[in-house]
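When you line the sequence shown up against numbering that gives the first Met the number 0, it's residues 0 to 68, in that order.
Among the clues, some could well be false.
[Unchecked claim] Simulated DEER-style distance windows between Cβ atoms: (1) Trp42 with Asn13: 15 to 21 Å; (2) Leu6 with Gly61: 26 to 32 Å; (3) Thr53 with Gln14: 16 to 22 Å; (4) Leu6 with Ser45: 15 to 21 Å; (5) Arg12 with Ser45: 15 to 21 Å.
The set of hints was computed from the structure by calculation and includes no laboratory data. Backbone N, C-alpha and C fix where the C-beta goes; we use that ideal spot for every residue, glycine too.
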Amino acid sequence: MAGCLFLFATLERNQFGILMGHRAQATMRENNVSESDRPIRVWDQSRAVIENNTISRNNMTGLAVKDQA
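Construct the complete structure from the given sequences, taking the supplied hints into account.
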């Protein structure tokens, strides 16, 4: 498993926003996710850093985090 970095992205009107699973570390900072079906979902991480993200007008839960160390 490796790390994953997701910075400064703008995602609009997409089916899946930001999905990250099975990583040693996930970092999501200063992203804008709007009008998406599943904005930000993170699972099975050793460490997750989620900071300064804007989540608006989405269909499901804005942020879903599970199974973290």
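Cross-check of the supplied hints:
1. Trp42 with Asn13: 15 to 21 Å: Holds - the Cβ-Cβ distance for tryptophan 42 and asparagine 13, about 19 Å, lies within 15 to 21 Å.
2. Leu6 with Gly61: 26 to 32 Å: 19 Å, violated
3. Thr53 with Gln14: 16 to 22 Å: Distance hint for threonine 53, glutamine 14 holds at roughly 19 Å.
4. Leu6 with Ser45: 15 to 21 Å: 19 Å, holds
5. Arg12 with Ser45: 15 to 21 Å: 32 Å, violated
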